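Residue numbers (the numbering used here), protein chains in the order written: chain R, 1 to 183; chain G, 184 to 366.
Hints should not be assumed to be uniformly reliable.
Label-pair ranges, simulated between beta-carbon atoms [said to hold, decoys possible]:
| # | chain 1 | residue 1 | chain 2 | residue 2 | range |
| --- | --- | --- | --- | --- | --- |
| 1 | R | Ala79 | G | Lys246 | 44 to 52 Å |
| 2 | G | Pro333 | R | Gly28 | 50 to 58 Å |
| 3 | G | Leu301 | R | Thr183 | 52 to 60 Å |
| 4 | G | Gln257 | R | Arg105 | 28 to 36 Å |
| 5 | R | Leu69 | G | Leu259 | 35 to 43 Å |
| 6 | R | Ser56 | G | Ser186 | 42 to 50 Å |
| 7 | R | Pro167 | G | Glu340 | 21 to 29 Å |
| 8 | R | Arg17 | G | Gly258 | 51 to 59 Å |
| 9 | R | Glu94 | G | Ala338 | 31 to 39 Å |
| 10 | G | Lys206 | R | Arg19 | 28 to 36 Å |
| 11 | R | Ile25 | G | Ala247 | 31 to 39 Å |
| 12 | G | Lys206 | R | Trp49 | 38 to 46 Å |
I should point out that these hints are in silico values taken from the structure, not numbers from a laboratory. These numbers were taken from a predicted model, which means no experiment stands behind them. Backbone N, C-alpha and C fix where the C-beta goes; we use that ideal spot for every residue, glycine too.
Protein chains: 2
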Amino acid sequence: MNSRLFTFIGGTNGPWRVRSVTKVIGDGLDPVERLDVVAGHAEPSQGKWLLRGITSNERYVTKAEKQNLVAKQQGLGRAGSTCAALIPIRKNQEWWILSQEERRRVFEESSSHVATGLRYLPAVARRLHHCRDLSASEPFDFLTWFEYAPAAAQAFEQLVAELRVTPEWQYVDREVDIRLERT
Amino acid sequence: MNSRLFTFIGGTNGPWRVRSVTKVIGDGLDPVERLDVVAGHAEPSQGKWLLRGITSNERYVTKAEKQNLVAKQQGLGRAGSTCAALIPIRKNQEWWILSQEERRRVFEESSSHVATGLRYLPAVARRLHHCRDLSASEPFDFLTWFEYAPAAAQAFEQLVAELRVTPEWQYVDREVDIRLERT
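Can you build the whole structure from these sequences, using the hints too?
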């Protein structure tokens with residue numbers, strides 16, 4: 001069985017060299033040299049820090065949006081994608097008590113989260129991991145993983161900058177931005 | 184901090200005497216004498232079986248529906264609510280690959296899940312626990328917990344029967360119905 005759970009281990013091992021660990025909103029994370037991404041669980045002893053997330057069903061995209069995303073996106077692990085970013089995010093209580101329709105309205109009708117992401121496909125590949133319901137005390141709600149070629153680095157900065165000024169980001173109360181390169 | 188995680192321990196301890204463990208769809212669960220409900224984690228050694236679930240944000244209800252539910256519902260633990268039911272449910276892959284809007288359409292527009300539940304408030308109190316994203320290998324997707332007075336027992340049977348004949352239930356591939364009384 002393919003695990004839906006992934007563990008990101010920050011420490012001294014793994015194929016990804018850490019270029020930067022930037023505190024964007026709220027508490028940061030300790031700087032580390034390398035990042036390993038493993039399918040399934042890992043022992044807390046393995047790194048300096050360890051983040052877990054699980055891929056899950058779509059929460060906001062419509063059927064038409066999903067079809068557009070699937071048609072344009074490419075998989076992780078492309079040979080040329082030597083750049084990556086791990087962006088852990090937590091949203092505040094105000095977000096989580098909104099109804100589904102209210103969250104959708106902020107997410108897409110006000111913030112164009114899907115439409116923005118679509119413009120950067122297939123250059124930027126992405127996998128979203130949910131953490132919030134793994135336990136009652138996770139440090140983040142989401143771990144977003146991006147992979148792209150050096151030629152798309154500027155486009156990636158643009159994508160991240162566009163999302164950070166949306167109304168949706170008003171609900172983000174913790175965000176760390178970890179940039180990586182495969183060596 | 185109030186834990187959102189709850190563990191249901193089937194064994195020989197706890198305030199709830201098990202009246203029946205019925206296999207409704209797919210594999211059942213071993214019969215046990217008593218059920219304990221604890222906030223947070225519990226050790227697997229504590230009972231014959233152990234089910235975990237976490238309360239989470241609303242997935243389908245609209246703001247108006249949520250307001251109606253909140254206005255009519257009452258809390259768990261009422262003195263007169265000596266009857267309870269624990270109904271663990273798993274939905275199939277076909278359900279989980281639907282988009283959000285498609286799941287909502289089946290859930291409410293076709294199956295009137297909220298409208299049906301509303302008619303049985305405040306007699307039947309309810310807490311929904313999510314399991315699907317606790318790990319990649321949970322035996323159920325949801326654990327639904329109901330409490331009601333003996334006088335509402337017939338109404339509760341009606342509620343359960345109504346939901347089981349909806350289009351939504353076509354996506355259920357495992358369901359166990361555990362009935363309990365507080366002693």
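Hints and how they fare:
Checking the proposed 44 to 52 Å range against Ala79/R and Lys246/G shows it holds: the Cβ atoms sit about 47 Å from each other. For Pro333/G paired with Gly28/R, a C-beta distance near 55 Å keeps the hint of 50 to 58 Å intact. Checked against the hint of 52 to 60 Å, the pair Leu301/G and Thr183/R passes, with Cβ atoms roughly 58 Å apart. In this structure the supplied range 28 to 36 Å holds for Gln257/G paired with Arg105/R, their Cβ-Cβ distance being about 30 Å.
With their beta carbons about 40 Å apart, Leu69/R and Leu259/G fall inside the hinted range of 35 to 43 Å. At about 21 Å, the CB distance of Ser56/R to Ser186/G disagrees with the hint of 42 to 50 Å. As the Cβ distance of Pro167/R to Glu340/G is approximately 46 Å, the hint placing it in 21 to 29 Å is violated. Range check, Arg17/R to Gly258/G: Cβ separation about 52 Å, and the 51 to 59 Å hint holds.
The hinted window of 31 to 39 Å between Glu94/R and Ala338/G holds, with their beta carbons roughly 36 Å apart. At about 54 Å, the CB distance of Lys206/G to Arg19/R disagrees with the hint of 28 to 36 Å. At about 32 Å, the beta-carbon gap between Ile25/R and Ala247/G stays in the expected band of 31 to 39 Å. Taking 38 to 46 Å as the suggested C-beta distance range, the pair Lys206/G and Trp49/R conforms, at roughly 43 Å.
Of the numbered hints stated above, those contradicted by the structure are hints 6, 7 and 10, listed in ascending order.
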